[in-house]
Structures are given as C-alpha cells and as structure tokens.
Amino acid sequence: MSTPRNRTIKVDYMARVEGEGALYVKMKGERVEDVQLKIFEPPRLFEAFLRGRTFSEAPDITARICGICPIAYQMSAIHAMERALGIDVHPMVRLLRRLFYCGEWIESHGLHVFLLHAPDFLGYPDAIALARDHKETVEMGLRLKKAGNQIVTLLGGREIHPVSAAVGGFHRVPSRAELEPLREELKWALDASIATAKLVSTFECITFEPDYEFVALRHPTEYPLNEGRIVSNRGLDISADEYEDHFQERHVKHSNALHSYHRGFGSYLVGPLSRFNLNFDKLPEIAQQVARDCRLTPPVRNPFRSIGVRAVELVFACHEALRILDAYEPPPEPRVKVRPRSAIGRAATEAPRGILYHRYELDEHGLIVTAKIVPPTSQNQPRIEDDLRELMPGLVAESDAEITLRAEQAVRNYDPCISCATHFLKLNLDRT
Amino acid sequence: MPRFFRLDEPALDGLIEALRQQGYTAVGPRVRDGAVIYDEISSVADLPQGWASEQEAGKYRLNRDPSAGPFDYVIGPSSWKQWLHPPEARLFAAERENGAFRILPNTTSAPRYALVGVRACELAAIAIQDRVLLGDRYTDPIYQARRKALFVVAVNCTRSAATCFCASMQTGPRAVEGFDLALTPVGNGRQYLGETGTDAGAAVAGELGWPEAPPEMMSEAAETVRAAARAQTRNVALEGLAEALTAAAEHPRWETVAKRCMACGNCTLACPTCFCTTVEDTSTVDGARAERWRKWDSCFTQSFSYIHGGSVRTSVKSRYRQWLTHKLAYWQQQFGTPGCVGCGRCITWCPAGIDLTEEARALRA
Amino acid sequence: MSPDDPMLPVAYRVEKVTKETRDTFTLVTRRVDRAPRHAFEPGQFSMLYVCAVGELPISISGDTADKQNLTYTVRSVGQVTNQLVSLGVGDTLGVRGPFGVPWPVEEARGKDVVVVAGGIGLAPLRPVLYHILRRREEYGRLVLLYGARSPQDQLFRKELTQWSQAPESRVLTTVDYGGVNWHGHVGVVTTMFRYVRLRPERTIAMVCGPEIMMRFVARELETRGVERSQIRVSMERNMKCGCGFCGHCQYGPDFICKDGPVFSYDRIQSRMEAYEI
Amino acid sequence: MRSKSQARPKVGVFKFASCDGCQLSLLDAEDELLAVARAIDIAYFPEASSIMKKGPYDIGLVEGSVTTHHDAERIQHIRRQCRTLITIGACATAGGIQALRNWAEVDEFVRAVYASPQFISTLKTSTSIAEHVPVDFELRGCPISKHQLLEVISATLAGRKPNVPTYSVCMECKRRGNVCTMVAHGTPCLGPVTQAGCGALCPAYNRGCYGCFGPMESPNTASLSQQFRVLGQSSGDITRAFRGFNAWAWPFRQASGEGHRS
Ligand SMILES: Cc1cc2nc3c(=O)[nH]c(=O)nc-3n(C[C@H](O)[C@H](O)[C@H](O)COP(=O)(O)OP(=O)(O)OC[C@H]3O[C@@H](n4cnc5c(N)ncnc54)[C@H](O)[C@@H]3O)c2cc1C
Ligand code: SF4
Ligand code: SF4
Ligand code: SF4
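As you go down the protein sequences, you meet chains A, B, C and D in turn.
According to the working numbering, the stretch in the first sequence is residues 1 to 432, in order.
According to the working numbering, the stretch in the second sequence is residues 1 to 365, in order.
According to the working numbering, the stretch in the third sequence is residues 1 to 277, in order.
According to the working numbering, the stretch in the fourth sequence is residues 1 to 262, in order.
One or more of the hints may lead you astray.
As the list claims (entries may be wrong) - Computed Cβ-Cβ distance ranges for the label pairs, DEER-style: (1) B:148 / C:109: 40 to 46 Å; (2) A:344 / D:147: 21 to 27 Å; (3) C:166 / B:315: 45 to 51 Å; (4) A:281 / D:31: 36 to 42 Å.
What the hints assert, rightly or not - Chain B regions said to be covered by chain C (calculated; three or more residues, Cβ under 8 Å): (5) 122-136; (6) 287-299.
Hints in this document: simulated from the structure, not taken from any laboratory.
Just so it is clear, CB atoms sit at the ideal spot from N, CA and C, and this is done for glycine as well.
For reference, chain A alone in the conformation it holds in the complex:
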C-alpha cells in the first residue's frame, strides 16, 4: 500500500501519554487537509472553582490538575502567590524548592524516557514487554525514576501531591542529616543518567527538523527551574508579568484544552528542547559534555531527539540535586508569615514538559478572585499539530500502520500531559 491515495486511518486510543485525547489526520494524496489533536479529557474547571478559595489552598488544589507534575503546579502557584503578597523567601527555602523540582524532573523524565518513549524506538508495546528482553535497562529506568521520587517523598511526604510546599516556604523543612541518605542514590542516578543519555543516543531517529520557535525560561546564572525571564530564539525576552501580553489562548472546537499562540508568531515549542537550546550555556559542564558526547549540540531541532535531551536534563537534575545537598543548611524558619492583601501575582516555572504559567487576583482577605493557568501541553498543542502537518507528507509512501506509529511517536515526543491540558489522546487518520 505504498501508492499515494485517498484513505482513512483510525487509531482510537493513543497509549503511553498522560490523559485522554485523540488525533485526527485527514489526507488527500500527499496533502494534509486537517490535523486535530483532540483532547476529550473531560474539563475539570479548576480556574472556576479556585475562585473564593484562599491563596494558601492554591498550591494543593492546582497540584490536582496533574498527578505527573504536581510539584510544577505547586511551584507556579506558590511563586505567583508570593509575587502577589510581596514575599521573599529565605535562600535556603529557594534551594530546597530547586531540589524538590529536581526530584520531579528526575521522576517525570525517567518515566517518559524509559516507560513511555523508549518502547517506541525499540519496538515494544510497553516497558513491561521491554523488560522481558532488556531487563537491566528497565530496572535502571525504574530505579532512576525512584531516585527522583525519593527526593519528592523526603521533602513532601509522598510522590504524588506531596504535602509540604507552602506559600512562604515549606510546612516542614528537613535537617541536613535527613537529606544525607539521598546522596548515595543520587550519585548512582547521576551515573545512570549519563548511561541513559548514551543509550538513547543510539536510538535510530528519522530526519525531521521543523523551524521551531523555542520558548523557555532563562535565568542569569542557573539552568531554569523556578525562575527566569521568558525568552525565545525569535528575540522574545519578557518577564512572567508580561506573559499574557504576548501569548494568547484560543479555544478550538475539537479540544477541551485551550491552544496557546505567540501573538504575531503562531505556534511555539516549550519543554526540554527549548530549555536545552536556549540555556545550554547554563548546564553544568558534566551535562554539556554528555550532550556533546551524544552529538547533541544546540540547536537540536529534531523532536525525535528530545529523548536524548531529556536524558541530558536528567544528568543536570541529578548533578544539581547533589550540589544542593552540599550547600543546604536548614533555614531559620520553615516559612515566613504571610499577610493577605488585595493584589495580582503571576509566575511561570519550568515543569518537566515546559513553561507553566499561573496568574491569581486576590482580594483583601486573600481569597482568589480570578485565576488563570496555562499548562505546557496547551502551549505545545498547536505545535504538535504543526509537527504532524509537516511530518505526514514525507510518510505518504508508508503503510497505514507505519504512519500511525510515527504519528503517535511524534506526539509522544512532547510527553504530552493531557491531564494538564485537561487529558487522553486518540488518533483518527482520515485520508480521502
């Protein structure tokens, strides 16, 4: 079935993504007529019911948007609230938050690289099948993922929806001695991340290099996690406060998630590739070296190589976590006192999947008047559709099964979290 013709291919359920969605591609010969990343994950209406809740509840409530990256939500919510309430936290609290975030990155990237994405490259339906032939690889992945979870659990009590992060600091901060047991495992994890990068760099990738606008945070001295200006390779350089002046959400009929566009530019890309390309210089030497060894040098444009970039970020996160273990001293108080006031606060942080923006308007009692949340997957959604639009013509000679597989893989390159965007992915390939 290699001759171009009008045909319809349907894949009802896309697996190994977080949430529920569908993909619809309509082709006429070589021409792609329509691509829709349909998100039919039922809407949960967080921004609506956040109204009337107190500022201090936002981190725990918004965490429930996503079980994969709850810390990202907690962090963005906390930073936005702290901006609104004019709070500065102790440098050690800041450090601890970075450590917390590193834990989530390690867990989330470990999950995606080994359990969700690698099976695509190696031709398995899942990591469990993969484990039958490559037991050590999967075991390494699980242990790496667990190392991230150990950080999160230690700081926050549990892997998912941890309970310690708070506006103003933490409910409870650990002593140095409590953190110490993490060290050995993180040392192992650092080595394992390097091995991971080398391993995934051997995966075969098709050649595909769209002309992306990369958007990520950039911080003067650090690889971005919690803070930074929002920059792009097309010259964007703004603070989080200006985010809504430059980015716009559109509501399209086929999706329960809002689509974001860069005003005047169109679709853009957030996430590991963007962070890596825009902040390569801020990676620790060891991560840069690993990247070079794996022939990953900025700009990396091939989204199928994002698996390698995630592995490099794993190296960074393990290295950063180890650095924090050395530098940490418990702050004098776990958190500073917070006084409510009427104000607006905005913040963006780097979730594993990219920029996560929150804005809150508070009344004088600290109750939320309006809330706005823009998760990374909403931002990437138009870009995913564009990727498919650009990828499909080159695949027209392939079988339906092959096209479907590639299309699915192209979506998985984004590690889309539909729970965030709202959730589940389904592919309907319609060629007429």
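Starting from the known structure of chain A, fit chains B, C and D with the ligands onto it as the hints suggest.
What follows is chains B, C and D with the ligands alone, placed relative to chain A:
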C-alpha cells in the same frame, strides 16, 4: 534500703554517658514539633531545659520558661509504651515451600533502653502493662524482652499540669517503686536528689561516686513533690467508682458525651496503659512470603468488635462506655488496679477536649 | 525469640476433609513435625492461621481420645473461613493454642447433661458428647437439643443417629425451614423443651449457638428450674490473639479468650441482657 | 495464599475525570512493578501500554469521576466488563475536587474557563463511580497510597481481605508518634474525621490534615466543626475545609453546609 545522693547537672550528664557506655540506648524527653516527646538522647543538652507546658482539655502549648529546669515540662503526648509495647511489631514471617509454609520467628534481639525521666504515674502505667502482658498464663515475648533489658531513671514531679490527677489515683507524683534510680529536682531544678531503687541502680551510683545527699536536701525534695500534688486541680474519686460505673451502663450521660466524641482513638493511643492491638497479615505480590504484624488498636474503632455479621459496638456511645468503664471499673476486676494512672494524657490530647474526670463524676450522679 | 511464644503458630497438615453441609467442613489435622499434638479439653479453641490470609478462633470439634489429630469444623462465612474450608489434604495451616475455659465435663459427672446447640454451635460441643458417651455410666441422662436452619444444614447427621441410640440419651433436632421432605420438628430450639422432662436440681446445661439463641435457651432453662450457675454458655467476640493481649474479646470485665469462652450464666446474665457490651 | 496455580487475573485500568495520579501510583511502585506485571495480566492500561486487550476483565481499576454524558454511559459498559470493580482515588470514590462544580452553576463555570463554552459538553455534576454502578471495593485518597494499592493487589491474589482500615487518621498519627497539630499548635486538622491510609502525612509535616482520604467510618463532623470554631475558624473556613478533594462525600458535604449556618 534506698540510698540518697546529691547530683548536679554534670553528674546527670555523667549518668547518661555511663548508661550509654553500658550499651543502653538512652531515651528521654526532648522538644520536637512544639511538644516534649520521648526520643533518643545523648546528653543533658538534649533535655527540654527552659520549657514549660500549659495543658487543658484538648489543648497543649509548650512555652519558653527560663526558670524551667530540664524536668519541669510535665509529660507530653508520647508515653513509654511506645518503647516497650511498640506501635507496630512484626510477630513472624512465613515462607512458602512447595505448597506448605514455614514459620520464621523474629531473630533480632530486643533493644536495651535506659529510660530517663520516667514519672511516677508512668511507672504505675508500666506496672499495669506488666500485669497485662507478662500476666499469669501468657507472656508477650516482645514486651518481655524489652522489659527485661530496661534501666529506669525516674524523675519525681515538682510541677503539675492542669490535667494531672495522679494524686487522686494514688500513683504519684512521687515514685515509690519500679525504678533503678529516681531523681528529684531541687534548688530550682538545677540539682537533683538521687535515690536508688535496685542493685543495678546502686551499682551505677557507686561507680559514678556521687556524694551522699545532705538531710535538708531530702526534706526540700519531699516538700516540692508534695507541693506538686497539692497543685493538682483535677481528681477522680476512686471509692466505690468501679461499682458505680458498672451500674451506670444505661446512664444518659453516655449519649451526651457521644455527641462530642469523634471515636478518633486518640485517647486510647495516648494512654500509657491501653494495650489493645490488632494484627494484619501481609504478603508479597508473588505470594512467596507472608508476614504478620501487630499494631496498636483502639476500642473506638468499628473493626475492634467486629464479628461475622457486624460490629458489636456500632454506636459511639457504646465505644466510649467501653473505654471509660474498662479504664475505671473492669480493669480493677481484671488486673486488681484501675487502668488509669491519672497522667491526664487522654484529656489533653483529646481533640474534642473531653475530660475523663468530668465524665466519671457526671456518671456517678 | 522465645520458643514458647504464644503468638507463633505451629504447622499442622490437613489429613482429611469432610464436607458436612454445603458450607461447613471438618478438617482433621496433624502436626507437621510429628511431635505430639497439643493437649486440649472439650470446648477449647485454637487460633487457626491460613498463611498470608489471616487467623481465626475455631473450636476443636474432635475427640480428646484421638491422640494424634486436632479436628475442626468450620463454617465458611467470610474471607478466612472460605480459605480455611478450601484447604485440601496435604495443605498446611498454623495452629496456636488451645485456649480458653473448657466445658465443665468434670463438674457434670453424675449429673444429667442437657446439651443445646444451634448451627455451627454443635462443633464445640461434640467433644463433650464424645467424652460422656465414652464414660456413659459416669453421667446421668444425656439430652441433645439441636437446631439448624434446614435439614441440609444439620451437622454430623450420622453421629446424631448414633448418639440418639446410646443408652439414656435423647437427641432432638429441629429446623427453621423443613421443606416438603422433612418430617421432623420445625421451629426454634427452645420449643423442644416441651418434649423433654428435666430434673432441674441434678441438671447441668451446656449451650452454644448464636447469642440470641443462647439468651432464650438460658431463660427457658431458668424457667424450668435449672440454676443459673448450672447453665454454661460459650460466647463469641472478635479475637486477635487468644491470650488476653489484644483486648478485642473483652466482655465487661472478662476476656472471652481466657475467662471464657465458656461462662457460667450467672456470671454474665446481666451482660447478655444489655446492649452493645 | 494461592494454593492452587490459577491463571493470572486479567486487569484493566480505566480513566475518567482525574489527574492520572492514582494510576500513576502503580508505576510509582518501582520496586514492585515488574513483580506485579508477572503476577497479574495488565490487559488494558493505556497510560503505560499500547496493548489494549478486550474485556472481560477479572479486575477493573477505575480512576476518575463521571462528568460527561459519554462517561456516564462508558462506566456502565466497563462495569459489565469487569468481574470485580475497584475504584481508586478521591475522584472515583467521591467525585474529586472537580465536584466543587456541584454547588455552582456549571454553565457559569464553563464560561469562566472557556472562551467558547458552546464547544464544551459536560454534566452539571461530578460524581463518584459508585453513584452510577455497584462498586466492589473503594480505595480512598487523593492520591491513593501506593502501599494500599499494592496491598489490594497482593491481598486479592492471596485471597485475603485487604488491610485497608476505615478508622481515623489519628490512629496512624499516634502510632507514628506525631505531635497532634490541633492540640499542640491549634492548627485545624481533619484527621479525626478522615479515614486513615496516608500514614498521617500532613501532621507529620506540621500541618493539619485536609481530608484527602475522605470521611472515616463514623465521622463526627459536628463535633470537629465545633472544635474548629473554638480554634477561631470562621464558618467560611469550615466550609472550605470540608469542601476539598472529597467535598461531595456525604458526611463532608453535609458538614460543609453546616459551616454556613452557625
Ligand atoms: C471461641 C470461638 C470459637 C469459634 N469456633 C468456631 C468453630 O468451631 N467453627 C466455626 O465455623 N466458627 C467458629 N467461630 C467463629 C469464627 O471465628 C468466625 O466465623 C470467623 O472468625 C469468621 O471469619 P471470616 O474471616 O471468615 O469472616 P469475616 O466476616 O470476613 O471476618 C473478617 C475478620 O473479622 C474477624 N472476625 C470475624 N468474626 C470473628 C469472630 N467471631 N471472632 C473473632 N474474630 C472474628 C476475623 O479477624 C476475620 O478474619 C468461633 C469463634 C470464637 C470466638
Ligand atoms: S480502653 Fe479500650 S483500647 Fe484501652 S485497654 Fe481498654 S479496651 Fe483497650
Ligand atoms: S494531628 Fe490531627 S490526625 Fe493527628 S492526632 Fe491530632 S487531630 Fe488526629
Ligand atoms: S493527612 Fe489528610 S490530607 Fe494529608 S495526606 Fe493524609 S488524608 Fe491526605
């Protein structure tokens, strides 16, 4: 015959050090999360010097008090039962072997604890648990092993909290038995009168070469402890109590208190004499190994009285009745003493602020 | 730890399984290590452990004269009993005990014995019947009143016939629902008393069944002139240890595991009349 | 314990409105995952595998709440496909945080979030699975505890009733040796009326429990609300406290209303 010594703070440090040298894990009061709890200590510096607690029904606050010596805090939420009758203990493991299974008993030896700062009411509580767990017919090996390996440094109380009523229960504030050594803070809590209770205690005292106590120190100590007793505001009238409560099974007061009681179980778990446990069986996913765990339980839970067909005590009223009647009446028949030592923990640590002394009084009316 | 840890089960192997009714099975078990079986008296119970599933109090239903085996009759009502009755010959279970106060077979010597059982309650009483029938001349009259839900739910049917043929013995059975082929009595067990003439002053009664049935039987016995102290009942409560540590089986001032399960009615009469004790 | 060798139970994992956290708990059991996959046949688990075997299933694990017409139908179908249906997490067992819409005008909610509300089709309420079909076992929590999930799996395989107690968080809190935040700090805590299972996490981290395991077996919310008032909480505070991740669970729903009255 008990012998009496004079100790200062360095001598106390020396005592803790000596016990550690002898291979004991020293456990004593220290401040954590806004309360004085019991945990491992390594020196006097770990003790809650400068802290005093304020306690009321459902309320505890640990406040700075520069005049407070290391033992002026009055008991907090944790009790020694945590160390002797642990909250969770594995009873045994079992391994599958071609269809059959093999029981693997615990092999680790019991920890050796030196408890520092045991109050008179708590000594009474330990003696009560001894009767339950080392009782006539059966002995609990987990408790027994820990109990045997124990060294007890009692400290007589020189302050009482508003929730204390040991005087009326005749269990304190002065420790009379069940300790190896007993200390009474004197001279504003910076000096101690030491008293030996056992040969082991006397041996340690001898080894450390403590000087004999002058007689005026002994009378000062006796007086401060008596003052602590006089300062107690709560009491339970023991006379005829067991009979009165047994007869009060249908008293309307149970309904009243059941409106406030949340059946959360805090009082029973905070209580130093409550001994009830449940067991849980666990197994690995592949079914190759199983374990049986024992955990603190409470007569306030629904499952506690479950038999096939449903729980016997479904109403909170009947559960509260079980607790209070067991403590103050049935216990007497079971073990020859009340099950309550007057430490006041169930009053302070009840999140609804229910006061057992008040309930007992109302039930007699 | 200690070799005489009362919480450690001893492995027994299932030697024989007999289906008594659709949900009740008798398991004959023997010590895996071939050491002598645990000694027991009629009315005592064991804690039976099914590996990885749980542990339960189950009365010993076998004969004290059987020096090799411990026999249990189990009605499947829930998770652990389900697993227990599905054990097959050769499977292992854990046994602790025996625990508890036995039936007063010594005290009953020379007296008339009235045994009243409801449902599975016959199992803990079977050792009493064995005991008496083996020493028939040492006891007075023997009456067994047995109530079951239906004819199919009657336990030990063959033995019921044997027992009824023993000298000076009467066995009366009744069911709640008879069905068309049933020609025996229908009704609660207390209605059977009108068919037996008691000599109350020389009678001792042993009663085991659902609590409500025991309450009515005890009252009935009392109205027929049997002294409270001569009425014994076997109580049931949740049990986790069998040796008075877990506290679950408390029944007023008594621990059913060590002060019972067999109680003299005069001791617990007021508690049996009260609610949620 | 499995005495006779039997086929591995076929398990399906299904998702409704939720954050994915509860099903992720299975993947977060890193040490046990491969053993679990050996012991059960993971036949349908889209988040983790492209293999999607058709039903019927021996066990269905359902995450998420019912919020759309389509989902209300889908759960009927899933129920028919699953011999044992186990719901996991606060969304599935109580409607989740998204059940806060149940107090509001949903159309207004949708308008607040979406520019083109006509594209959105949703029910007025977010409800638990048990409000739609019979459920065999509920595992509480927002998220569930992975230890409890593993216990449910191991217990089911062993033929044991899972050790999932229904008593209060306080039981675990005291066993863990936490200092009661309510008594010692005056911090309101839902622990006394919340079901155990998390290991008394929040009090261990110096904050009050926010009730993510839902109501315990006999929740006396009136008494707790009274205590909250003693601690200086306003009726709005009390309403918010009960209107969390298990807001629509009946005892909490009721208690959150009481907050208004006082
Ligand atoms: C002294 C004594 C002797 C008994 N003798 C027999 C006997 O010979 N034959 C027989 O079939 N049954 C007997 N029983 C009753 C038997 O123990 C219960 O039927 C059994 O515990 C039900 O457990 P399950 O797991 O099957 O039921 P579920 O209803 O599933 O019970 C769940 C759990 O609750 C606990 N539980 C439930 N009922 C009881 C109970 N009555 N006592 C203690 N714990 C309980 C157990 O831990 C049990 O595993 C006796 C009970 C007692 C107290
Ligand atoms: S009061 Fe309750 S928990 Fe305490 S010992 Fe008595 S029965 Fe057990
Ligand atoms: S902190 Fe909360 S959960 Fe813990 S004992 Fe107190 S009331 Fe209970
Ligand atoms: S303490 Fe309460 S809110 Fe916190 S994790 Fe446990 S159940 Fe959830």
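Comparing the hints with the structure gives:
1. The hinted range of 40 to 46 Å is satisfied by residue 148 (chain B) and residue 109 (chain C), whose Cβ atoms lie roughly 44 Å apart.
2. At roughly 41 Å, the beta carbons of residue 344 (chain A) and residue 147 (chain D) sit outside the given window of 21 to 27 Å.
3. Roughly 47 Å separates the CB atoms of residue 166 (chain C) and residue 315 (chain B), a value that falls within the hinted 45 to 51 Å.
4. Range check, residue 281 (chain A) to residue 31 (chain D): Cβ separation about 38 Å, and the 36 to 42 Å hint holds.
5. Against chain C, the region 122-136 of chain B contributes 3 residues with a C-beta closer than 8 Å to a partner C-beta. That satisfies the three-residue criterion, and the hint holds.
6. For the region 287-299 of chain B, the stated coverage by chain C holds: 6 residues have a C-beta nearer than 8 Å to a C-beta of that chain, and at least 3 were required.
The earlier numbered hint that this structure contradicts is number 2, and it is the only one.
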